[in-house]
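For the protein sequence lines, the chains are A and B, in the order given.
For what it's worth, this note's numbering labels the leading residue of the first sequence as 1, then goes sequentially.
For what it's worth, this note's numbering labels the leading residue of the second sequence as 1001, then goes sequentially.
These aren't lab readings, by the way, just hints derived from the structure by calculation.
In this text, a Cβ means the ideal position worked out from N, Cα and C, and glycines have one as well.
Treat the hints loosely; a few may be bogus.
[As the list claims (entries may be wrong)] Estimated spans, in silico, between C-beta atoms of each pair: (1) A/Leu-302 x B/Asn-1044: 29 to 39 Å; (2) B/Ser-1434 x A/Gly-189: 55 to 65 Å; (3) B/Ala-1031 x A/Asp-362: 48 to 58 Å; (4) B/Lys-1204 x A/Trp-301: 52 to 62 Å; (5) A/Trp-301 x B/Lys-1061: 53 to 63 Å.
[What the hints assert, rightly or not] Derived BS3-like pairs: lysine-lysine, alpha-carbon spacing no greater than 30 Å straight-line: (6) A/Lys-292 x B/Lys-1279; (7) B/Lys-1429 x A/Lys-261; (8) A/Lys-22 x B/Lys-1149; (9) B/Lys-1022 x B/Lys-1369; (10) B/Lys-1035 x A/Lys-478; (11) B/Lys-1082 x B/Lys-1118; (12) B/Lys-1351 x A/Lys-446; (13) A/Lys-291 x B/Lys-1440; (14) A/Lys-87 x B/Lys-1107; (15) A/Lys-478 x B/Lys-1075; (16) B/Lys-1061 x A/Lys-87; (17) A/Lys-22 x B/Lys-1152; (18) B/Lys-1363 x B/Lys-1351; (19) B/Lys-1075 x B/Lys-1035; (20) B/Lys-1425 x A/Lys-75; (21) A/Lys-261 x B/Lys-1425; (22) A/Lys-478 x B/Lys-1351; (23) A/Lys-87 x B/Lys-1035; (24) B/Lys-1135 x A/Lys-478; (25) B/Lys-1149 x A/Lys-75; (26) A/Lys-510 x B/Lys-1082; (27) B/Lys-1393 x A/Lys-80; (28) A/Lys-291 x B/Lys-1118; (29) B/Lys-1335 x A/Lys-478; (30) B/Lys-1393 x A/Lys-478; (31) B/Lys-1035 x B/Lys-1429; (32) B/Lys-1075 x A/Lys-297; (33) B/Lys-1438 x B/Lys-1393; (34) A/Lys-80 x A/Lys-291; (35) B/Lys-1353 x B/Lys-1369; (36) B/Lys-1279 x B/Lys-1082; (37) B/Lys-1035 x A/Lys-292; (38) B/Lys-1335 x B/Lys-1404.
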Amino acid sequence: MSNKVNESMSLAKPEANDLSIKQKLAVAIGAIGLLIFGLAIFYTNFPNKILFLTLSLSAIALGTILFANDVYLTKSEGIKNDGVWFKSMSSRGVLGWGTGVLLTGFYIILYFYPKYLGLTPNGEPNTGLISLFDPLSKLLSGNPASQWFVYGTLYTVAILVFGYKFMLKYRHNRYEQLRTASVMFFQLGFAFLIPEFMSRLNASPNYNLPYYDLKSMWPLNYYLFDSWSVNGLLSSGFLGLIMLLFGVLSIFVISPILTYKYGKRWYCSWVCGCGGLAETAGDSFRHLSSKKLSAWKLERWLVHTVLVFSVVMTTAVVYTYLGSDPNKFWITRSTFLLGVGILLTLVFSLTMIFKRHELGKDARYGAIGYFIVIAALFIMHYTGTTHDVFLIKSSSLRSAYGLYIGSIFSGVIGTGFYPIFGNRVWCRFGCPMAAVLGFQQRMFSKFRITTNGGQCISCGNCSVYCEMGIDVRAYAQKGENIVRSSCVGCGICSAVCPRGVLKLENDSMKGRINANEILLGNNVDLMDLINKK
Amino acid sequence: MEHIVIIGNGISGVTAARHIRKLSDTETSSAQAKKITIISAETNYFFSRTALMYVYMGHMKFEHTQPYENWFWEKNNIDLKKGYVKTIDTNSKTLYFTEGNTINYDKLIIATGSKPNKFGWPGQDLKGVMGLYHKQDLENLELHAPNNKVCKRAVIVGGGLIGIELAEMLNSRNIPVTFLVRESSFWNGVLPDGESEMINRHIKSHHIDLRLSTNLKEIISDENGKVKSVIIEGTGEEILCDVVGLTAGVTPNIDFIKDSNIKTSKGIKVNRFLETNIKDIYAIGDCAEQHEAIGNRRPIEAVWYTGRMMGETIAQTICGNRMPYNPGHWFNSAKFFDIEYQTYGWVHNAKNKPNYEDHFHWKHKDDTKCITIAFDKNTNGFLGINTFGIRMKHETFDTWLTEKRPVGYVINHLAEANFDPEFYKRYEKNIIRSYNDKLKLA
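Let the hints inform the model, and build the full structure from the sequences given.
Shown next as structure tokens:
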């Protein structure tokens, strides 16, 4: 008898990982929910929108919950990665690619062709999918839905239901459970409900609040300092002023303190919405991130370039804004530029003075970035007119950033390509906020991942499941702590380690980066020799 | 330039190569210059053997088991040669390959590891019978046990660390497993009874057909020379199966040396400097056998960590700083399905426990966590700890063992050794209370 007889022709090995009856049923229920959306997109006018919207959202939620229950609650607590590299969805199989294409397509329509979702010009009533969401939007904010409301609702539902799935998957791990509960809370409350409720205030003439997700900090929230946003906040009385102040404090005061104490994880994997989606809906793709050294090099160039771009763009936007009415503000354009220059110089020189020895070759790259920004400030000062900086409109700079970084990078590539490049493409290669927090984490934070003496067996589970593409094993097998700017502190490396080698910790700065090979040889004399440089 | 040839690209051989490269030059003019060649017949590149199970389970792909990217070797001037060494001529310092070619060495490090034990069972070489050690074993398993339609049942013979890993692997593809264990309780040749019994229950909770005190009599073939069933010794029971996993320990992989004048017994005989009886030939890792055991250690230590230590040590010797293999306090770890296990120092099982050794055992009521602390009942000195389901720090116990702390100190400071992730439930108070209760009873 040939062994081949029973083998499936499928690229994946589904035999061992067939869906159970219950799981198939759950998929069917979820598909019904999506089908309603599909019909709405093709202009099916549902008679009772409230009913059908409730039906579709509940079907999606119910399908995911039933599926997760059957996958995880039927098994004992522990690591659940069986068959990850066999399943078509999670190993860049047909399902993975198909999902990637669909998601990418959705983002392209969302950002560039919202009319196909049913958006109408000039305040005419919505049609299509967007109109299906009108009842919910009216309930929350009093206004009809927009494509962003549809997106926000789906985004929140995804984080909630896949968050539930993730919590079942890691029900033996309280760190993962608390972290997930936290991102679910911040998404539902801060990113979704509060902004909707705030826009209710705008019914009163005293308020003109922009959409503002309080937890979304500049530079991730790159439109915070746009004129419409600042104008909106400034014309909304005390509340608006407080919110603007909070936005400024968040990035310059609150985030450095929290990052010092806990590492950038407090934001990236406990609060942030992009991180929240990556950790929940994107969890099944975390192992697809590239661990090659070349990918790390690309990451460092790309993410810091985006940061420089966003700093220059924001400065230009604010600069232009200040120029619009010189008598209105307590700060003039020149003082503003000077202020930005002084702040950057301060950060740059403090880093060089105290951390020079840790940086090595990177110091040069840091210097390049610093001088580009400073040069940009000078050019702005000397070429800036009321409308133009760099002889182009700052608004063009702003819309280029919004298009290429805000839409294409973070949305189309960042999320659309989850099933191909892994779930943290945006966070790793593009997010300027991650670059800022990462810089703080690398230079000035108590956070590190400690390794447990000589217990590492170099199996590589930690590296495979690192969504940020950090080769964790390279450190663990040498007994070195992991202090990397990109680490978002998701804790999965520690969870999947079969030998109890990795632990996320906040401890003193001293001895945080231990380049010494400790305890591997477990022979004191030998270790002295090995560590002799 | 001195040519160092290493046979075997496992953790021992590769660690030796890496450290020799760190300590030497590649400039031909330098006196410290060394050319390094690693020979392997198994794979092109170093991989982590311990991770093979995760490839079958679909947690990883094979390339993920390789700790270094493929460019690493050329960049560090370490030559890799694929080939199977058939014989060694120690006089002319020549290796002969089965492929017919030869290679000369100035110094030779043998790091060929182990192979699975086969105890002469009838049918042990049938198709579908395999160990779990080499990459080829994994390929063989993939062939014979791709799913539960091709492999309707698998029988595992031998209740050790590899046996339970194989059970977990097959279980991940929903293949029913019968697990034959010679001992009266799983791995109780090493573990104290309380721990061993907890693992028995854990194995059964994963629907493994665990047969304790059971031996294999023979393996029966079908008409195509493939395994059809196994017969149990004593009862004569026949168990139908498509795969038999032989996991009754390993033995040094040194058949190709037997005809040379390198002295061997079970393994290649080495002194504390890891030198064989022939000058310029060394043996490290699983295949090396110490003339005399070091402390409580076995003369042959088939453990990942000791292989790595020997690799680090031999690199010093090769690079002009002759150094004895001097391992510190014993440590090890494993994972039994969902339960992680770590050990520091020595905790003996019931049979091997010396007279002076006493145990404090604590078990959580959920039956997945327990610790056993061994101490000297005369001096109260701390001897070692086994921990299940609670992660603990290597460095802390290493320090306590060196400082010869009393057992009371260790129990009361256990929180300092905790290495569980943040927000995990802590059990130290519970453990201390249980210890104090036992003191009162005593």
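Results of checking the hints against the structure:
The hinted range of 29 to 39 Å is satisfied by A/Leu-302 and B/Asn-1044, whose Cβ atoms lie roughly 32 Å apart. Between B/Ser-1434 and A/Gly-189, the C-beta spacing of about 43 Å breaks the proposed range 55 to 65 Å. Checked against the hint of 48 to 58 Å, the C-beta distance between B/Ala-1031 and A/Asp-362 comes to roughly 35 Å, which is inconsistent with it. Between B/Lys-1204 and A/Trp-301 the CB atoms are about 54 Å apart, so this pair conforms to the stated range of 52 to 62 Å.
The hinted window of 53 to 63 Å between A/Trp-301 and B/Lys-1061 is violated, with their beta carbons roughly 28 Å apart. Using a Cα cut-off of 30 Å, the hinted pair A/Lys-292 and B/Lys-1279 is violated, with the two alpha carbons roughly 41 Å apart. The suggested pairing of B/Lys-1429 with A/Lys-261 holds, with an alpha-carbon distance near 28 Å, which does not exceed 30 Å. Using a Cα cut-off of 30 Å, the hinted pair A/Lys-22 and B/Lys-1149 holds, with the two alpha carbons roughly 21 Å apart.
Between B/Lys-1022 and B/Lys-1369 the alpha-carbon distance is near 42 Å, which puts this suggested pair outside the 30 Å criterion. With a C-alpha separation of about 24 Å, the suggested pair B/Lys-1035 and A/Lys-478 falls inside the 30 Å cut-off, and the hint holds. For the suggested pair B/Lys-1082 and B/Lys-1118, the alpha carbons sit about 27 Å apart, so the restraint of at most 30 Å is met. A hinted pair counts as satisfied when its Cα atoms are at most 30 Å apart, and B/Lys-1351 with A/Lys-446 does not qualify at roughly 47 Å.
A threshold of 30 Å between alpha carbons decides the hint, and for A/Lys-291 with B/Lys-1440 the separation of about 55 Å lies outside it, so the pair is violated. The straight-line distance between the Cα atoms of A/Lys-87 and B/Lys-1107 is roughly 48 Å, outside the 30 Å bound, and the hint therefore fails. Simply put, A/Lys-478 and B/Lys-1075 have alpha-carbon atoms about 19 Å apart, close enough for the 30 Å limit, and the pair holds. A hinted pair counts as satisfied when its Cα atoms are at most 30 Å apart, and B/Lys-1061 with A/Lys-87 qualifies at roughly 12 Å.
At roughly 23 Å between alpha-carbon atoms, A/Lys-22 and B/Lys-1152 fall within 30 Å of each other, so this suggested pair holds. For the given pair, B/Lys-1363 sits about 21 Å from B/Lys-1351 by alpha-carbon distance, which is consistent with the 30 Å threshold. Taken as a hint, the B/Lys-1075 and B/Lys-1035 pair is honoured in the structure, with Cα atoms around 13 Å apart against an allowance of 30 Å. Between the alpha carbons of B/Lys-1425 and A/Lys-75 the distance comes to roughly 22 Å, so the proposed pair stays at or under 30 Å and holds.
For the hint pairing A/Lys-261 with B/Lys-1425, the CA-to-CA distance comes to about 22 Å; that is within 30 Å, so the pair holds. Note on A/Lys-478 and B/Lys-1351: the hinted pairing is violated, with a Cα-Cα distance of about 36 Å set against a maximum of 30 Å. With a C-alpha separation of about 44 Å, the suggested pairing of A/Lys-87 with B/Lys-1035 is violated against the 30 Å cut-off. For the proposed pair B/Lys-1135 and A/Lys-478, the alpha carbon gap of about 24 Å is at most 30 Å, so the pair holds.
With a C-alpha separation of about 21 Å, the suggested pairing of B/Lys-1149 with A/Lys-75 holds against the 30 Å cut-off. Annotation: proposed proximity of A/Lys-510 to B/Lys-1082 is violated, straight-line Cα distance about 46 Å (limit 30 Å). Taking the CA atoms of B/Lys-1393 and A/Lys-80, the gap is near 25 Å; set against the 30 Å cutoff, the hint holds. Pair hint A/Lys-291 plus B/Lys-1118 does not hold up; C-alpha atoms about 39 Å apart against a cutoff of 30 Å.
Restraint check for B/Lys-1335 and A/Lys-478: the C-alpha separation of about 21 Å stays at or below 30 Å, so the hint holds. With a C-alpha separation of about 16 Å, the suggested pair B/Lys-1393 and A/Lys-478 falls inside the 30 Å cut-off, and the hint holds. Taking the CA atoms of B/Lys-1035 and B/Lys-1429, the gap is about 56 Å. The hint is violated against a cut of 30 Å. A C-alpha spacing of about 17 Å is found between B/Lys-1075 and A/Lys-297, which places the hinted pair at or below 30 Å, so the restraint holds.
For the hint linking B/Lys-1438 to B/Lys-1393, the alpha-carbon distance of about 25 Å falls within 30 Å, and the restraint holds. Between A/Lys-80 and A/Lys-291, the direct Cα distance comes to roughly 22 Å. Compliance with the 30 Å bound is thereby established for this hinted pair. With a C-alpha separation of about 22 Å, the suggested pairing of B/Lys-1353 with B/Lys-1369 holds against the 30 Å cut-off. At most 30 Å may separate the alpha-carbon atoms for a hinted pair to count; B/Lys-1279 and B/Lys-1082 meet this at roughly 25 Å.
Only pairs whose Cα atoms come within 30 Å are accepted, and B/Lys-1035 paired with A/Lys-292 is accepted, the gap being roughly 27 Å. As the CA atoms of B/Lys-1335 and B/Lys-1404 are separated by approximately 28 Å, the hinted pair is consistent with the 30 Å bound.
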